[in-house]
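Participant: Chains as they are written, first to last, in this note's numbering: chain A, 209 to 569; chain B, 1046 to 1335.
Treat the hints as calculated values from the structure; they're not laboratory data. Possibly wrong hints are sitting among the right ones.
Stated by the list, open to error - Below, a list of computed lysine to aspartate or glutamate pairs in the DMTMM-like style, where the Cα atoms sit at most 25 Å apart: (1) B:K1225 x A:D304; (2) A:K223 x B:E1229; (3) A:K283 x A:E325; (4) B:K1330 x A:E343; (5) A:K342 x B:E1232; (6) B:K1140 x A:D222; (7) A:K342 x B:E1229; (8) A:K340 x B:E1098; (9) A:K311 x B:D1221; (10) A:K340 x B:D1221; (11) A:K340 x B:E1232; (12) A:K311 x B:E1229; (13) A:K283 x B:D1221; (14) A:K223 x B:D1228; (15) B:K1225 x A:E343; (16) B:K1143 x A:D222; (17) A:K283 x B:D1228; (18) B:K1140 x A:E343; (19) A:K223 x A:D304.
To be verified - Which chain B residues face chain A? A few, computed with CB under 8 Å, are given here: (20) E1172; (21) P1173; (22) P1227; (23) E1229; (24) L1230; (25) V1233; (26) N1235; (27) I1236; (28) E1237; (29) G1238; (30) Q1243; (31) L1252; (32) P1255; (33) H1334.
From the three backbone atoms N, C-alpha and C, an ideal C-beta is built for every residue, glycine too.
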Amino acid sequence: MSKIKMLHLSKQYDKQKDNVIHDFNLEIKDKEFIVFVGPSGCGKSTTLRMIAGLESITGGELWMDGVLVNDIPPKDRDMAMVFQNYALFPHLTVFDNIAFGLKIRKVKRDVIKQKVEKTAEILELTSYLKRKPKELSGGQRQRVALGRAIVRDANLFLMDEPLSNLDAKLRVQMREEIINLHKRLGTTTIYVTHDQTEAMTMASRIVVLKDGHVQQIGTPKEIYNHPENMFVASFIGAPAMNFFKGMITPDQLTFSNGNRIGALPAAIDKQGEAIIGIRPEDIILANKETGIPLQVDYTEMLGSDLYVYGKLHGDSIVVRLRPDHDVVTGEIIYIEFASNKFHLFDPITEQSLLHREELKQ
Amino acid sequence: MNRFGNAGKLLFFVGIPMIPLVVFWFVPMAVSVWLSFTNWDYISPTFDYVGIENYASALTSADFYNALKNTIFFGFWTILPTIIFGLLLALLLRKGLKGLTGFKAFLFAPWITPMVAMSIVWSWIYEPDVGLLNQILGWFNLRQPSWLTDSEMAMWAIIIVTVWKNAGWAMLFYADALSKIPDELYEVGNIEGAGWLQRMKTIVIPLVSPTTLFLIIISAIDSIQAYDQIQVMTQGGPAGSTRTLLYLYYQMAFEQFNMGQATALATLIVILTGVLALIMFYGSKRWVHY
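Bound-form chain A, shown alone (with noise of 0.2 Å):
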């Protein structure tokens, strides 16, 4: 059985026409790492919070454990909820954080202790816990944050972007403390960011959503080497995989004015003008004779990595070198694109022409 069910979820706001949320379907199973990821404004905390029971449910059923929760309060649906900006509460000190819940519940004093001491032991917080959260550091009060979800024991976890108040380096370590707080606990979570590195790092599922629609839900591998449609392809993956216009022949890709540029990735039924996606990994250097030629704009060095800009038949295109090309800006370099590593997507609705079960593959 399914740990979480949403069927047809939708959400409208008062005084609003369209709806926020729109069909939403997915069944989560026990132990998942999920993660909600999408621009802002894309509805992924209003669902989380529809889940956690904060938002109200306009359409659709809500399923934990086989029950309907749709009408149930927040507070019998045995879930723990780590929010973005911690939430801590100024005037209690670290332990007092920790024990807010169990204190609620009326659990007994020495039980309290005992658990509080316990989670503190796991986060790393013991020499902490007489402070007050002003006297912490930012990763430490996310900490303490996660520690008030975990010392309940909750059947759920839900994270909304608890990482995103955090510097770059902190972010790394946390993401990877949260990791490994989900491989010992085991607790269910659904976690929402916009970070795409976040969702491909911790997802076992990956669930991608632009303007309250989900796009495609699949495994970060999935979504990454399948992209059903041209946002998902764009939006996972940095930098984003490049865009031009191209033709589908019987037998190959061409540029629009007929020029060759690779085989077909598998068999299309349709024929005609299409997107051709290549992500800047699959662009390879080629020599002046078989290779394409790029004018470079301007190039990236990141160290592990060179990133290239240029314009190709009028796109702009980004390819990824190794970092010890020598690209300087205003050369022309000779590109072609590694086999069977396009994607192709309709030019009206930008949905990908490969066949789902070629997507799975």
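Start from chain A and add chain B according to the hints.
Facilitator: Structure of chain B alone, referenced to chain A:
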């Protein structure tokens, strides 16, 4: 040279604003303390030094202790309801009712109305035979007291007016303090299953405690300085039941022309206010969460 320049600047920027403070506050206060050791009668040009006699007679007189008791009673029963009503009104208004701004203005209006004008209107409301309050009590067959002439009720009448004036003002401060509590904290309470009372106890009251301290201090000073409503409605009566320390001072100074004793009383009021401020300052370290 530079040092002198800095000292000059300091004198200029600090010294000039200090002039009115010195002229209208420090000097009268020092003169007042000096007068408290004399038997000046406010009119005659001569007086004698009497040492601490004025203080001794104040501290041994029944009037002083009666006025002190009245002041404490008045202070406690105006501060507590002002704070409770202010917070409850602010919580009510937080719900986002229609016409909120108008309602807030309506509740705040008493604060900007002069106390004298309000006290006159309230003395009509308290009128035992035709006053509005007793008319309403009459509809419900409740006792209709002689509000301003019954020594049991007169202080309560003054307290009601003062609370009515101050509650809207306290509400504005609380509304601001409540708006600064992040929604997530209520949501944590909601997820953890905290009821209304628990949310009040664990979230609202601790997080508005700086505002509560501020309101207590200001209301305490305000209640020590209460004069207008007493003067208009009861003149300290009946039988001294509404005579607070400040009103006793007024009567000693300007009705009995006993300026020496009056200034001794004024000095005692200042000392009491100082002690009160100290208690609150130390209390705040434990009870107020910044």
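Participant: Give a verdict on every hint.
Facilitator: Evaluation of the provided hints:
| no. | hint | in the structure |
| --- | --- | --- |
| 1 | B:K1225 x A:D304 | holds (22 Å) |
| 2 | A:K223 x B:E1229 | holds (24 Å) |
| 3 | A:K283 x A:E325 | holds (24 Å) |
| 4 | B:K1330 x A:E343 | holds (17 Å) |
| 5 | A:K342 x B:E1232 | holds (20 Å) |
| 6 | B:K1140 x A:D222 | holds (16 Å) |
| 7 | A:K342 x B:E1229 | holds (17 Å) |
| 8 | A:K340 x B:E1098 | violated (53 Å) |
| 9 | A:K311 x B:D1221 | violated (29 Å) |
| 10 | A:K340 x B:D1221 | holds (24 Å) |
| 11 | A:K340 x B:E1232 | holds (20 Å) |
| 12 | A:K311 x B:E1229 | holds (18 Å) |
| 13 | A:K283 x B:D1221 | violated (29 Å) |
| 14 | A:K223 x B:D1228 | holds (22 Å) |
| 15 | B:K1225 x A:E343 | holds (20 Å) |
| 16 | B:K1143 x A:D222 | holds (15 Å) |
| 17 | A:K283 x B:D1228 | holds (17 Å) |
| 18 | B:K1140 x A:E343 | violated (33 Å) |
| 19 | A:K223 x A:D304 | violated (40 Å) |
| 20 | E1172 | violated (48 Å) |
| 21 | P1173 | violated (49 Å) |
| 22 | P1227 | holds (7 Å) |
| 23 | E1229 | holds (4 Å) |
| 24 | L1230 | holds (6 Å) |
| 25 | V1233 | holds (5 Å) |
| 26 | N1235 | holds (5 Å) |
| 27 | I1236 | holds (5 Å) |
| 28 | E1237 | holds (4 Å) |
| 29 | G1238 | holds (3 Å) |
| 30 | Q1243 | holds (6 Å) |
| 31 | L1252 | holds (7 Å) |
| 32 | P1255 | violated (11 Å) |
| 33 | H1334 | holds (3 Å) |
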